[in-house]
Amino acid sequence: MRIATLIAGGLLAAALVAAPAQAQPEGDPQAGKEKAFQCLGCHADETYGNVYPSYHVPRVGGQQAQYIVSALKEYKAGKRNHPTMKAQASSLSDQDIRDIAAFFSQQSP
Amino acid sequence: MKRIWIALLCMLAAGWAGAAQAQEGHSGEGHSSGGSAAVMDPAKIVNQGLPDKGVAPCKSCHGENGKSPIPMYPHLGGQYQDYLMQALKDYRSGARKNPTMNQQAGSLTDGQIEVLAGYFANQKTILNTLPR
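Heads up: the sequence lines are chains A and B, in that order. Numbered by our numbering, the letters in the first sequence go through residues 13 to 121 in order. Numbered by our numbering, the letters in the second sequence go through residues 13 to 144 in order.
There are no misleading hints in this set.
No farther apart than 25 Å at their CA atoms in a straight line, the calculated lysine to any residue pairs in the SDA-like style are these:
id: 1; chain 1: A; residue 1: Lys85; chain 2: B; residue 2: Asn114
id: 2; chain 1: A; residue 1: Lys85; chain 2: B; residue 2: Leu142
id: 3; chain 1: A; residue 1: Lys88; chain 2: B; residue 2: Asn110
id: 4; chain 1: B; residue 1: Lys79; chain 2: A; residue 2: Pro37
id: 5; chain 1: B; residue 1: Lys79; chain 2: A; residue 2: Pro70
id: 6; chain 1: A; residue 1: Lys91; chain 2: B; residue 2: Lys109
id: 7; chain 1: B; residue 1: Lys101; chain 2: A; residue 2: Gly61
id: 8; chain 1: B; residue 1: Lys79; chain 2: A; residue 2: Thr59
id: 9; chain 1: B; residue 1: Lys79; chain 2: A; residue 2: His55
Hints in this document: simulated from the structure, not taken from any laboratory.
Could you build the full structure based on these sequences and the hints that come with them?
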C-alpha cells in the first residue's frame, strides 16, 4: 500500500514537472511580422536559391510553429549547419523565435 | 525448470514470427516491383514505408498529403522538390542530424529521394512562399 502511494505520488510529480516543459508559450504573430522583416529577403522570393549546393530556399509560410522554433534554435546552437541561417538565428531571442514562428505558421495559402 | 522451457518456447515462437514477417515483406516487394529492385512508387513508401529496410511510412509523422498531424514535425506539402531532396540527402549522409530521419533516409536510393521529394512538392495546399 505504501509503495503504491509512493509510485502514484512519483508519477504525479513527474507529470507536474513534465507538463510545463511541454507546453510552449505562444508567440505573437503581429510582433513576429515586424521581426521577420529580414527573413523576407530570401523566404519571400520565389526565385531565390542557395548558391552551393543549389536548391530553393525553403517555403516557410504555413509551416508548423513548433518546427520553426526547433529549426531556428538548432541553427542558433550550431546543431544545424547553414552559415546564413546560423548568423540570422544567433541574433534572435527565444521570444523573437516564438513570435516569428507564430507569424510564419499563419501564412497559409 | 518448467518456466525455463516456457520462456524458451516463447522466444522461439517470437523469432519464427519475426522471420515469417520479414519473408512476407520481402515477397510482397517482389510481386510489385519484380525482384529486389528498389520500390519507386512514392505513394507506396509514404503510406506503407519499406518494412524490410526499417523505413516507417512517411505519413505517420508528415501526413499522407504532407500536412503533418503532429505539431513538432514539419509540413512537407508544397515544399520545393530540390529543398526536400537536399534535406533527405543530408539526413542520409548524417550532415543533418536527427535520429529518426537519419534512420528513415539511411537506406533510400537517389531515385527514391527524388520521387518522394516530388510527391510532397506536388501536394500544393499547405506551404507557400511568404508574402512581401
